[in-house]
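Participant: The lines below spell out each chain.
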Amino acid sequence: MSEEYKREYVFGLDYGTSDFKFGPIALGEVPEVIENRGYFIDRSSLMSRIMGVDREIVVGKDIPRFLESREDLAERMVYPMRNGVIAKDDERAWRVIRELTRYALESFAPSDEEFEGFYVVASISIVSPRYMYERLFEIFRDLNRDRVLVKAATIIPQPLAVAISQKTPTCTVVESGHGNTQICPISMYPVRNAVIALNRGGGAANTLTMEILKDAGYGDLAKEESFVRLVKEKIGLIPRNLDEAIRYAKSNPEKVRVSLKIPGTRIKILLDDMAWTRFLIGEFIFNPGHEIFQSYFARGMPKPSDIKIGDTYFYGMMDMAEAVIMSVERCSIELQPHLYSKILLSGGNFSWSVPEGLEGIAVRPDEKLRQQLLEKEIEGANVSIVEDPKYSVWRGCIVYGYAVPHDYEWKWERMEGWMYVA
Amino acid sequence: MSEGSLGSREIRLVCRLQPGSQGIDVVLEALRAAGYTLDGNSILRGSLRAEFRATSLSGDEAMILVKSAEPDEFRSLLGLLVRECWYVDVYYHLRGGDARAAAGGLGIQLPEDGVYRSRVRFSGVELRVDAYPRHGALTISYRAGWREVNSGAALKIHERILGMESGRGIFDKLLGWIR
Numbered sequence: 001m002s003e004e005y006k007r008e009y010v011f012g013l014d015y016g017t018s019d020f021k022f023g024p025i026a027l028g029e030v031p032e033v034i035e036n037r038g039y040f041i042d043r044s045s046l047m048s049r050i051m052g053v054d055r056e057i058v059v060g061k062d063i064p065r066f067l068e069s070r071e072d073l074a075e076r077m078v079y080p081m082r083n084g085v086i087a088k089d090d091e092r093a094w095r096v097i098r099e100l101t102r103y104a105l106e107s108f109a110p111s112d113e114e115f116e117g118f119y120v121v122a123s124i125s126i127v128s129p130r131y132m133y134e135r136l137f138e139i140f141r142d143l144n145r146d147r148v149l150v151k152a153a154t155i156i157p158q159p160l161a162v163a164i165s166q167k168t169p170t171c172t173v174v175e176s177g178h179g180n181t182q183i184c185p186i187s188m189y190p191v192r193n194a195v196i197a198l199n200r201g202g203g204a205a206n207t208l209t210m211e212i213l214k215d216a217g218y219g220d221l222a223k224e225e226s227f228v229r230l231v232k233e234k235i236g237l238i239p240r241n242l243d244e245a246i247r248y249a250k251s252n253p254e255k256v257r258v259s260l261k262i263p264g265t266r267i268k269i270l271l272d273d274m275a276w277t278r279f280l281i282g283e284f285i286f287n288p289g290h291e292i293f294q295s296y297f298a299r300g301m302p303k304p305s306d307i308k309i310g311d312t313y314f315y316g317m318m319d320m321a322e323a324v325i326m327s328v329e330r331c332s333i334e335l336q337p338h339l340y341s342k343i344l345l346s347g348g349n350f351s352w353s354v355p356e357g358l359e360g361i362a363v364r365p366d367e368k369l370r371q372q373l374l375e376k377e378i379e380g381a382n383v384s385i386v387e388d389p390k391y392s393v394w395r396g397c398i399v400y401g402y403a404v405p406h407d408y409e410w411k412w413e414r415m416e417g418w419m420y421v422a
Numbered sequence: 001m002s003e004g005s006l007g008s009r010e011i012r013l014v015c016r017l018q019p020g021s022q023g024i025d026v027v028l029e030a031l032r033a034a035g036y037t038l039d040g041n042s043i044l045r046g047s048l049r050a051e052f053r054a055t056s057l058s059g060d061e062a063m064i065l066v067k068s069a070e071p072d073e074f075r076s077l078l079g080l081l082v083r084e085c086w087y088v089d090v091y092y093h094l095r096g097g098d099a100r101a102a103a104g105g106l107g108i109q110l111p112e113d114g115v116y117r118s119r120v121r122f123s124g125v126e127l128r129v130d131a132y133p134r135h136g137a138l139t140i141s142y143r144a145g146w147r148e149v150n151s152g153a154a155l156k157i158h159e160r161i162l163g164m165e166s167g168r169g170i171f172d173k174l175l176g177w178i179r
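Residue numbers (our numbering), protein chains in the order written: chain A, 1 to 422; chain B, 1 to 179.
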């Protein structure tokens, strides 16, 4: 009976650097998505008292209704998982995580007596230190004080969730979100000492898009991140070869010219003679070391820097293929060909398409990485983008929760099993 | 139920294997024998596109996701599975417009918010309804055995929920024969 109960109530939580994906097994293959952020309301203000706002943190789709001036945004808006890791003492970030988790679970929790809490499978970055696991379990336990929402919980690293969702026991997972990129070889379990992390993801491409918009005369609009992200997603292209793509764009401007109307506003973006810069956005994700980016750095655009968080180095400027090779070469020689033969690209940062008419000049991320690896003499690499890359971690959570028996209890030494918290 | 999106639909089949059976291999063998092509995790035949999603570690259950299928192909797959399994739980996951249409088709009034759970009878089968109006999501499920498939109830439920009609009705078949 308990096994049947568990299979009805598996719930996945994917704490991405930019988006938070969540939902029960009953949702099928597509989770709910909200931004992984929280807005701290100024409760001392007269207006919030008049309006009867009794919450301190707002998350989810309600956020835009509570936003104040642009200046307040930087101070009050908290993106807790920007780097995939939350500092132990960053209380504001942990409060946002608690609120997001509560929001997710409450919005799907039935109120009938049969419900005894969800079997929650949470997924976090592979570089997350142990205290993040402890803190999440504490949050699940704490949420149960008001109403039982979590019966048992488990936590798995995001690359492992991807491998599970693809049913691939031996592979290299490149999981790239907004804030960072994790490269993780998997041979049944993640090979933890071979993990390479890059301090860049979709957010770095946003920064470059911002500069491109400024150069095109849209400097005041370029201050709003959600707007910049939308522009990046609509106009950004990955070039097969950047120099060739730029030459092509300059001699065939009509093929790459783009105009973009922002829905629900009067705003229209037009890239005419600067349309070649569309290719820079995609290239920056794979190779920020290309000399063309020097002019942006020289004008003040922040360079993705090498940083150390906990025990992990996040490389800023290392190109994507180099990072894959470095990661694979940390594994046994016998295993290496198998890891190159199945490279899985996952995460929202790999959702790029090729517009009609630009085939061959613009490519998808799998083709770009294959090309980069070939240039570094890695032949026969098999690179593929997982189906719906944005949702693969959440799907892996659901499959994992479904498969792990309810009586397999959490073991800290193996970091697997169910922790009963109700 | 929130307005807006056009909708989406997925069908998940959770097959409970016969007690003491030799796991999923029996089902795979039966699928091959019936002319299905098994390619990695994919199950293909005619209009049917399905995929093995997971197997429980205890080996007593397997989950199959049906990505697309004409009603007749779906009935055919379900018929084969209930023959090889103890029973099959059928889940329809619907979103947006598809969720609203399915609820309407079954005469269910959904609230605007909260989590809604209820049971309705259709074609002699008890259907469980789980709705999440805030997220525009609806899941309808039932347990299928030999009786539900043979009586035609499974096909009727499928058509009612997805608003489809099976490809070849009696007139289609007759005209096809005459031609």
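Bear in mind the hints are in silico, worked out from the structure with no lab data behind them. Here a beta-carbon is modelled for each residue, glycine too, at the ideal position from N, C-alpha and C. A couple of the hints might just be wrong.
Stated by the list, open to error - Only pairs whose alpha carbons sit at most 27 Å apart, straight line, appear in this in silico DSS-like list of lysine-lysine:
| id | chain 1 | residue 1 | chain 2 | residue 2 |
| --- | --- | --- | --- | --- |
| 1 | A | K268 | A | K255 |
| 2 | B | K67 | A | K342 |
| 3 | A | K61 | A | K261 |
| 4 | A | K167 | A | K223 |
| 5 | A | K214 | A | K167 |
| 6 | A | K167 | B | K67 |
Claimed, not checked - To give an idea of the interface, some chain B residues facing chain A are shown, with a C-beta separation under 8 Å as derived from the structure:
| id | residue |
| --- | --- |
| 7 | S8 |
| 8 | R53 |
| 9 | S68 |
| 10 | D72 |
| 11 | V115 |
| 12 | S118 |
| 13 | R143 |
Participant: Are there hints from earlier that the structure breaks, and if so, what are their numbers?
Facilitator: As far as the earlier hints go, 4, 5, 9, 10, 12, 13 are violated by this structure, in ascending order.
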